[in-house]
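K.L.:
This is what each chain is made of:
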Amino acid sequence: MKRLVASSFALPQPLQNMRLKATAGAPASMEQEFVPRFATRDQTTAVMFGAQAVVVETTRHQTFERILELVRISIDARQKVAPVDGLMRLGLRYINEIRVPDVCHGAIGWAEWVNGSLLGAVTVGEPLGLTAEQSQGATVFNRGSGLQVAVQYGTRQGFAVMPGGPLQRPTPPPGPFFLIDIDSFWSATDEVPEFNTEAILALCSDLHEPVSRLFESLITDKLREEVLRNVQ
Amino acid sequence: MSNEDSLLVTTRGTASSEIAPPPKLPTATGSSPTPSELTERVGFLNNRAQDLHSDTDDLHLDVIMQEWQSRSTDLVRQDMSTLLAQLADLGFAWRDIARLIGVSVPAVQKWRRGKAATGQSRFNAAAVLAACALIADHYLVKEIASWFEVPVVFGCPITAIDLYAAKKPQLVFRLATGNADPEQVLSVFDPDWRETYRSDFEVFESEDGGLAIRAKER
Amino acid sequence: MTRNLEPPSGDLDDWDLLYLARGADEIVGHRPFFTGDVFAEVPVQGPRADLKTKTVMVIQHPCAMRPDGINLSESILVAEVHKFPVLPPDKWYTSGKLMPLPDLLIDVTSNRRHQAAFFDDTFHAHPLDLKNRIACLSPRGVNLLLQRWVYHSSRVIVPSFDFETAVSSVYEQADIIEEWCEIAMAAGRAPDEATEDAHAWLREVESGLTRERALQDPQRRAVIRRQARAAAPAWRHRPLAT
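Chains as they are written, first to last, in the numbering used here: chain A, 1 to 232; chain B, 1 to 218; chain C, 1 to 242.
The set of hints was computed from the structure by calculation and includes no laboratory data. These numbers come from a predicted model, not from an experiment. Wrong hints could be hidden among the right ones.
[Stated by the list, open to error] Among the chain B residues that face chain C by a calculated CB cut under 10 Å, a handful are:
#, residue
1, Leu90
2, Phe92
3, Gln109
4, Pro182
5, Leu211
[As the list claims (entries may be wrong)] Derived BS3-like pairs (lysine-lysine); straight-line CA-CA distance at most 27 Å:
#, chain 1, residue 1, chain 2, residue 2
6, A, Lys222, B, Lys110
7, C, Lys131, B, Lys110
8, C, Lys97, C, Lys83
Ideal Cβ positions, reconstructed from N, Cα and C, are used throughout, including at glycine.
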């Protein structure tokens with residue numbers, strides 16, 4: 001496996017999992033397993049080959065085409081080493097921690113930066129003298145044929161993804177941010193298709209299609225111009 | 001859909017093992033936490049225990065990060081000039097304070113003269129102070145500014161200030177615990193640090209008492 | 001590892017890293033003169049040439065600028081500064097005859113905002129002619145300047161982190177003196193007197209070493225800074241006349 005992914009994932013970094021096994025009538029036991037995991041040299045991107053899933057993750061997203069290429073390399077490697085018979089679920093998840101220079105007057109302050117629809121009852125409460133402290137929401141869009149997009153959003157503090165993990169990421173101070181978490185996924189409904197590289201890549205592209213349009217619609221021009229254009 | 005069901009899928013969904021759950025909403029009037037709320041948090045913790053490496057240091061770091069967040073949120077209630085004064089009282093240089101907050105030295109000077117700072121900048125300053133307090137309190141570091149300024153490994157100029165300013169506070173906290181190997185921490189920060197900072201020159205004290213540079217003996 | 005002249009920050013064009021202060025709003029008048037300071041409207045005269053007025057940068061090592069450690073030499077080595085296009089980070093290993101100063105003139109919107117100090121065009125200036133300071137370099141900027149100046153003078157490349165180790169204590173002194181003056185002046189002291197007090201305080205011996213020498217140890221700097229901040233309002237080199 002190492003040789004097959006080395007061109008993109010040069011560092012083997014197996015994950016050690018501890019599983020608690022509890023069976024009725026027997027004492028609980030701990031099982032240790034090592035999950036193959038490989039990372040890029042800068043440790044911002046990695047692929048993990050679990051028993052039930054192949055996960056490609058990055059904290060340094062550049063282009064979708066790059067992700068697609070990494071998925072291709074990962075799937076091809078998996079099929080060469082331990083072929084998978086079928087695909088049950090495929091998902092693309094984009095977790096955005098939106099941090100801005102200033103958010104005035106509590107949750108309502110985010111109205112300058114994100115689409116008002118993400119603020120729910122906040123804007124309704126404001127003219128009634130009710131100042132929102134926090135606001136969370138979720139929406140699931142059904143695209144048919146097993147395709148769905150789940151969006152979670154809301155005001156948060158700290159981090160959406162804990163920074164102590166194996167992937168390196170720039171870690172800002174744990175202050176207020178707005179979460180826009182977009183999970184575009186497909187799950188098998190009637191038939192479980194073959195685990196086929198080209199079909200998977202085509203499905204990835206299909207899953208990706210609404211994501212950036214959705215994200216752009218959920219943010220304001222102010223965020224786009226004053227914050228996102230300046231991110232290095 | 002019943003009241004118990006929730007659209008808040010939180011940790012379920014694509015590749016969700018490291019994702020923090022949303023904050024708990026206040027308990028509804030006349031009800032104890034719903035089973036789904038309890039399950040959510042326990043499930044999250046269970047997933048963490050099962051799916052992450054068993055390295056207790058990682059869980060410890062998560063706890064530190066939570067405490068860092070909590071302390072920062074408390075400190076940010078103070079105004080910027082008070083925060084800056086406290087950082088100066090610890091002994092930091094103003095240009096290091098600027099680096100740690102992520103701004104220019106002139107910006108810090110303007111704040112010291114009374115110009116208003118953005119909420120984010122104030123939070124960033126509070127976060128630096130919180131990090132210092134956390135490290136000093138938990139790991140008994142007496143001279144915290146010195147601790148930040150001194151090279152992590154002898155012979156390599158990288159300091160905790162460099163790590164923090166590069167947005168790697170988790171590495172700073174790992175160092176502070178005393179459990180992490182400083183050289184390993186540097187390797188995470190810069191895998192090539194040994195080569196990057198290898199020099200054919202050395203700094204020495206010259207006859208006039210000042211520091212000078214000369215080629216190393218072979 | 002092959003050593004080359006270094007860019008400010010890897011492959012990032014973050015030119016702000018080079019500067020401590022730029023422009024009238026940011027320059028602090030009582031900060032001691034230091035390597036890398038840029039002055040406008042300085043009268044200079046080349047060999048067998050007419051007197052001209054130029055923008056210049058101090059390129060002399062900070063210790064060489066002050067032969068007795070306190071007072072400026074009457075002849076400060078400076079290099080002419082004029083317009084020069086931005087050198088991208090991957091080209092900083094070239095143009096060893098100059099120190100690039102991208103975004104030096106922050107109030108200018110044309111390409112004239114980008115300048116460089118040219119090591120082939122050097123002069124000696126009297127400190128009293130250095131009146132209009134328009135920029136100060138950061139420690140990173142000073143280290144890169146010294147690296148390039150040494151390369152130009154001797155064709156030797158010394159890593160910038162070695163300059164950092166050698167020069168950082170002197171930079172700390174400049175910072176401490178600047179802040180001392182700020183605090184002392186707020187307490188009613190005249191600038192020249194505050195500067196004299198700061199130098200004298202730094203030369204006091206504590207635990208067998210002057211504070212100035214103690215700054216060479218990074219572990220002692222925070223303590224000395226705190227002490228300076230506490231002493232500046234009232235400490236006097238010469239007692240006030242009664």
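K.L.:
With chain C as the partner, please determine if B:Leu90 meets the hint condition of a C-beta pair closer than 10 Å.
P.N.:
Holds. Min distance 7 Å.
K.L.:
Do the alpha carbons of C:Lys131 and B:Lys110 lie within 27 Å of each other, as the hint requires?
P.N.:
holds (24 Å)
K.L.:
Hinted pair, alpha-carbon criterion (27 Å max): C:Lys97, C:Lys83. Please report holds or violated.
P.N.:
holds (14 Å)
K.L.:
Can we keep the B:Leu211 interface hint, with Cβ of chain C closer than 10 Å?
P.N.:
holds (4 Å)
K.L.:
Sort out whether B:Lys110 lies within 27 Å of A:Lys222, counting only the CA atoms.
P.N.:
Cα-Cα ~25 Å, so holds.
K.L.:
Per the CB criterion, is B:Gln109 less than 10 Å away from chain C?
P.N.:
Holds, because the Cβ-Cβ distance from B:Gln109 to chain C comes to roughly 8 Å (cut-off 10 Å).
K.L.:
Report holds or violated for the interface hint on B:Phe92, using the least CB-CB distance to chain C and a cut-off of 10 Å.
P.N.:
This interface hint holds because 7 Å falls under the 10 Å limit.
K.L.:
Go through the hint on B:Pro182 and say holds or violated, using the shortest Cβ distance to chain C against 10 Å.
P.N.:
violated (15 Å)
Hint 4 from the earlier list is the only one contradicted by this structure; the remaining hints agree with it.
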